[in-house]
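A.B. asks: This is what each chain is made of:
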Amino acid sequence: MSQSALSAPPAKTAGVAVRERPSPGRRVAEAAEHSWRPVALLLACFAVWWAIAAAELVEPYLVPSPGATLDVLVDKSDYLWQHSWITTYETLLGFVIAVVVGVLAAVVMVYSTTVEKTLYPILLFAQVVPKIAIAPLFVVWLGFGIAPKILIAVLIAFFPVVISMVTGLKAVDPEMLQLSSTMGARPWQTFVKIRLPASLPHLFSGLKVAVTLAVTGAVVGEFVGANEGLGYVILQANGNLDTPMLFAGLLVMSLIGVVLFVLVEIAEKLLLPWHASRRDASMTTSY
Amino acid sequence: MPTLPNDMSLRKPSTPVRGGAVPAVGIDAVDVRFRTKKRDVTALAEVSLDVRMGEFVALVGPSGCGKSTLLKLVAGLLTPSTGEVRLQGERVSGPRHDIGYVFQRAALLEWRSARRNILLQAEMRRMPSAQAAARADELIAMTGLEGFEDAYPHELSGGMQQRVALCRALLHEPPVLLMDEPFGALDALTREQMNIELRRIWRETGTTVLLVTHSIAEAVYLADRVVVMSPRPGTIREIIDVGLPAEREYAETMTRPEFASATGHIRGLLGSVGVGG
Chain A
1 MSQSALSAPP AKTAGVAVRE RPSPGRRVAE AAEHSWRPVA LLLACFAVWW AIAAAELVEP
61 YLVPSPGATL DVLVDKSDYL WQHSWITTYE TLLGFVIAVV VGVLAAVVMV YSTTVEKTLY
121 PILLFAQVVP KIAIAPLFVV WLGFGIAPKI LIAVLIAFFP VVISMVTGLK AVDPEMLQLS
181 STMGARPWQT FVKIRLPASL PHLFSGLKVA VTLAVTGAVV GEFVGANEGL GYVILQANGN
241 LDTPMLFAGL LVMSLIGVVL FVLVEIAEKL LLPWHASRRD ASMTTSY
Chain B
1 MPTLPNDMSL RKPSTPVRGG AVPAVGIDAV DVRFRTKKRD VTALAEVSLD VRMGEFVALV
61 GPSGCGKSTL LKLVAGLLTP STGEVRLQGE RVSGPRHDIG YVFQRAALLE WRSARRNILL
121 QAEMRRMPSA QAAARADELI AMTGLEGFED AYPHELSGGM QQRVALCRAL LHEPPVLLMD
181 EPFGALDALT REQMNIELRR IWRETGTTVL LVTHSIAEAV YLADRVVVMS PRPGTIREII
241 DVGLPAEREY AETMTRPEFA SATGHIRGLL GSVGVGG
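As they're listed, the protein sequences go chains A and B.
So the first sequence is numbered by full-length UniProt numbering: it starts at 1 and just counts up by one.
So the second sequence is numbered by full-length UniProt numbering: it starts at 1 and just counts up by one.
Because the hints were derived from the structure by calculation, they are not lab data.
Note that this is a predicted model, so its numbers are computed, not measured.
One thing to keep in mind: the hints can contain errors.
Listed next, the in silico DSSO-like pairs over lysine-lysine satisfying Cα-Cα at most 30 Å (straight line) [as the list claims (entries may be wrong)]:
| no. | chain 1 | residue 1 | chain 2 | residue 2 |
| --- | --- | --- | --- | --- |
| 1 | A | K131 | A | K208 |
| 2 | A | K117 | B | K38 |
| 3 | A | K117 | A | K208 |
| 4 | A | K170 | A | K131 |
| 5 | A | K117 | A | K131 |
| 6 | B | K37 | A | K117 |
| 7 | A | K193 | B | K72 |
| 8 | A | K193 | A | K131 |
| 9 | A | K170 | A | K208 |
| 10 | B | K38 | A | K170 |
| 11 | A | K117 | A | K193 |
| 12 | A | K193 | A | K269 |
| 13 | B | K72 | A | K170 |
| 14 | A | K269 | A | K170 |
| 15 | A | K170 | A | K117 |
| 16 | A | K208 | A | K193 |
| 17 | B | K72 | B | K37 |
| 18 | A | K170 | B | K37 |
Per the computed footprint, the stretches of chain B lying under chain A, defined by three or more beta-carbons under 8 Å from a beta-carbon of chain A, are [unchecked claim]:
| no. | region |
| --- | --- |
| 19 | 90-99 |
| 20 | 112-123 |
The beta-carbon is built from N, C-alpha and C at its ideal position, and this holds for glycine as well.
Sequences are here, hints too, so could you generate the full structure?
C.D. replies: Below you can see the structure in the form of structure tokens.
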């Protein structure tokens, strides 16, 4: 349609796919439309859990009722809060270190094949070694503080960051790079203006994996040796056969993972609006 | 530079240099060989071509005949195995900055608006921003992109994206514009309209254009001369002077006998090598 008005200057909006801004009411309705299924599934799971507990199909000390779990969540909220904060802190610190180191490693690897060939086998080896198996070693080396937990979180979150960033940096249109060299761009200009932004969508898909893995890393670290954090809470509850507390700990842990995941997704939407809108296919191209 | 007149006297009569001026593009006995894992491939063999300042030359030929390779040589993105390429009389030995390049795919940065995509050229070259902005406005008006400046590439149609790419390639007023099948991905109607636009823009800017295309009609309508190439190894089969007037109204040009004879001749050349146009 846009090309029909070539001789005359085209109309203001011809050829541009118009993205309407939905009203707040419609946005809520749309959000509900998108999210009712997972919410319903979650509620169904809770209902099954509640039914199992209410009918006493399983001994209460094996599966506590949702009510008992909720009671613990409320009664022991200070205790849970304190330990959750420690786990969150370890997770975030591990995640941030993994991102910084991972992105830097990826950049160096993409710009130097020698470095890539040297680092890649080691990276793969570090990925293949079960982190749970080496966790006790870190406790021996670094003690019972938060250092070994952060190290495990870093190790476990590092790999998806590096892989996604390397993929992203390599996925740049080669013609774009040729174009850049005809523009007389310095290497750093090409990196900052073309390669880095082009790699961000890939990086973010890696970050989403990494942030959930970082939670696992921190908790694994706490399992091996800690006197604080959600891993410690769960181990304690397990030892005391305190299943309501165990369930409460698990719930909070999952919640931390979900919240961090959503935060990364929000960051992605804010930083890469062009990518998000493209992925959502909220546009149509007109010819 | 001082050796140039001598040089030119050695050139083939089919590629004359009018008025003795320095040719915009000089390609002299160029061979390009690639080494793949299994064998050596000769992409171009013994190619010589001079393009005058301000001339519009189209390159046609079967797929894989090295047309795009030729453009990359001129841009300095590739170096010939033997022979020499000169741009404005200067030997090409690395990526050249005094050209504009348009690819088949618009190759726009999807996180930048149309206008900021155009201005990428200025940012990379560190052009004064006021001058770049003025030039961008001028080009936006010339290509009919007004009203689309703030649209992102994914919001633009293929033709509009290609216009943005063209503006970007022309921002620094390059003496030579290299176009590698710029309209190959467009539908027939849009393509025709882009041809009309390009012809007009070329006449307004006076830039030397080297255009690679698969469309014989496009080549004849747009160009002063059409270079017909043979399949691999790519050689120049013939250079055809289209002999059409400078003022070319699209529909009227299509009906002219010169147009018919030029396209017929080219089609015959391409057909005789077993590849249809």
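A.B. asks: Hints first: check each against the structure and report whether it holds.
C.D. replies: Hint check results:
1. A:K131 x A:K208: Given pair A:K131, A:K208 holds - Cα atoms ~19 Å apart, limit 30 Å.
2. A:K117 x B:K38: holds (24 Å)
3. A:K117 x A:K208: holds (26 Å)
4. A:K170 x A:K131: holds (28 Å)
5. A:K117 x A:K131: holds (23 Å)
6. B:K37 x A:K117: Since the Cα atoms of B:K37 and A:K117 sit roughly 21 Å apart, the hinted pair holds (cutoff 30 Å).
7. A:K193 x B:K72: Answer holds: A:K193 to B:K72 is near 23 Å, not above 30 Å.
8. A:K193 x A:K131: Distance ~37 Å between A:K193 and A:K131 Cα, so the pair is violated.
9. A:K170 x A:K208: holds (20 Å)
10. B:K38 x A:K170: Holds - the C-alpha atoms of A:K170 and B:K38 are around 26 Å apart, at most 30 Å.
11. A:K117 x A:K193: holds (27 Å)
12. A:K193 x A:K269: Roughly 19 Å between the alpha carbons, so the hint for A:K193 and A:K269 holds.
13. B:K72 x A:K170: Answer holds: B:K72 to A:K170 is near 22 Å, not above 30 Å.
14. A:K269 x A:K170: The hint holds at about 22 Å.
15. A:K170 x A:K117: At roughly 15 Å apart (the allowed maximum being 30 Å), A:K117 and A:K170 satisfy the hint.
16. A:K208 x A:K193: Holds - the C-alpha atoms of A:K193 and A:K208 are around 24 Å apart, at most 30 Å.
17. B:K72 x B:K37: Holds, at roughly 22 Å.
18. A:K170 x B:K37: With a Cα-Cα distance of about 22 Å, the restraint between A:K170 and B:K37 holds, given a limit of 30 Å.
19. 90-99: Result for this restraint: holds, n = 4.
20. 112-123: holds (count 3)
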